[in-house]
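Going line by line, the protein sequences match chains F and L. With our numbering, the residue at position 40 of the first sequence is 48, and numbering never jumps. With our numbering, the residue at position 264 of the second sequence is 461, and numbering never jumps.
Hints should not be assumed to be uniformly reliable.
Okay, the calculated beta carbon distance ranges per label pair [what the hints assert, rightly or not]: (1) L/303 <-> F/128: 37 to 43 Å; (2) F/132 <-> L/446: 53 to 59 Å; (3) L/476 <-> F/41: 48 to 54 Å; (4) F/58 <-> L/303: 34 to 40 Å; (5) F/52 <-> L/476: 42 to 48 Å; (6) L/536 <-> F/113: 43 to 49 Å.
Honestly, the hints are just simulated from the structure, not real lab data. A virtual CB, placed ideally from N, CA and C, is assigned to each residue, including glycine.
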Amino acid sequence: MEKKIDLMNALPAQILLVDDSPTVLCFARLILQTRGYSVHMAEDGEQGLALAKRIKPDAIFIDYVLPNMSGRTFCEMISRDSSLRGTPLILMTSKGDDVASKLQGEFSGMRYLAKPFEPDELLALLELVLA
Amino acid sequence: MDDIRENLLPVFLQEAQVKIPVVESFLTARTSSNCDGSALEGAYRAIHTLKGTAGLVRAEAIRKIALRIEKNLERHLEDDSSPTPAEYDALTLALAKISELLSALNKSGSLQETGTVGVFQALDLAEAFSGRSSSGAARISEDLFAEDGVFDAADSFPPSPAVADAQRHEAALPVDPFAEDGRFGLNKYRASASFFPAAGGTPASCTDPFAEDPQIALAESGRSGNRPAPEVRYCCFTLGEEQFSLPTGHLVEISDLPPVVALPLSPAYLHGMVNLRGEVIPVADLAACSGEPSPVRASRRMVVVEVQGEQFAFLCDGVPELSLEAAGTIIEPADFVNRYRLSET
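Chain F on its own, in the form it takes in the complex (with noise of 0.2 Å):
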């Protein structure tokens, strides 16, 4: 298997998922950790949000509709936190083209996987946000 290692710290970077489907939550991990990374995951906004700021993650992965907070909220707080701003954030939807700029206008970096994704797509966007 061959693993993704974070050389600044000498451990596998470590991948934040935030969406309110465990379908979605296990495709993703499930993709990741063949390559190694370490996954955590969030059902909701908020829960994203406490681990977020724990385990400070190496990038994100975050779903557009969410409950309790929406993933253009949750992006907000990520940029107004001091020690979060800057983390490479994913958003994932199907909600398409048009709402994924309009978020990516928002939030300079942001990277847009559309749903349904394929294994490669998701691996290529976050080498890529990583390297």
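Dock chain L against the given chain F, drawing on the hints supplied.
For chain L alone, coordinates are given in the frame of chain F:
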């Protein structure tokens, strides 16, 4: 990576078991006003998630139906409105189809896209009744329907309290929107709005051309005399001032014209959609192809044809004749479909 998807299927099915009741609960409640927006939003979120996850496990039929439900609920969320009774019925039908597909997926591990066309047609019709197009771009007033003479604008209003109460107590999930057992809500409108023929009545008041037509009587007498029956080659009919002939090879039946539902923004040659014993088929107005739509007559019928497995009908006045000779313009149904792309309506 294929083993990932195999591991994913049980997770998806389990999640679907949680999401479906959320949508079902909203549809069963049938709120006529959007006073409980959270129920609508919950249903929207649930179907949105189901759509996305169905895509991940490549359950395309489920994903497509969920997408249609999602789009409908999303529009109501944006408009701060609630589905109309017809929309509730069509949405309930669509959700029942998803449940059926999930069950099949659970049993066999694979899906076939069968029986989904009726779901989309029911949603199209329901959204057309409410003045919504499936694209969400067009808003049509009920006047369009009123002009056709088959739509009672009063039926587009919210149901009376008694009707609404009865609807709230109707919990059974429908299987077929136009099923004759009357479980599907659209049947309820038959009595009041006459969108579709009365349930349990003579199916579409179908006329048997072979019982009445003198040409067939001739053929019958030929058979009885052990002579070869003359080959009926055309179905001839008039529409307005014009006469048309259809080769009988494609002929399915001649029927009284059921109540017609006009489709907003449809081309002039598409007279509307009819429910022919549970099958929703388009009716073409040939007069509109060459000029003005034909004037409305009392004795309207339709000639149903089938091309490449798809049925559609031509509007006609009076009783068509089955004939050995063509009269007027000969219509080749296959060419008509190719030219006017009826199969895509």
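Taking the CB of residue 303 of chain L and the CB of residue 128 of chain F, does the distance hold inside 37 to 43 Å? violated, 28 Å
Note whether the CB distance of residue 536 of chain L and residue 113 of chain F lies within 43 to 49 Å or breaks it. holds, 45 Å
Using the Cβ atoms, figure out if residue 58 of chain F sits within 34 to 40 Å of residue 303 of chain L. holds, 35 Å
Distance restraint evaluation - residue 132 of chain F, residue 446 of chain L, Cβ atoms, bounds 53 to 59 Å: holds, 55 Å
CB of residue 52 of chain F to CB of residue 476 of chain L, is that within 42 to 48 Å? holds, 45 Å
Indicate whether the distance between the beta carbons of residue 476 of chain L and residue 41 of chain F respects the range 48 to 54 Å. holds, 50 Å
The structure fails to meet hint 1 from the earlier list, while all remaining hints are met.
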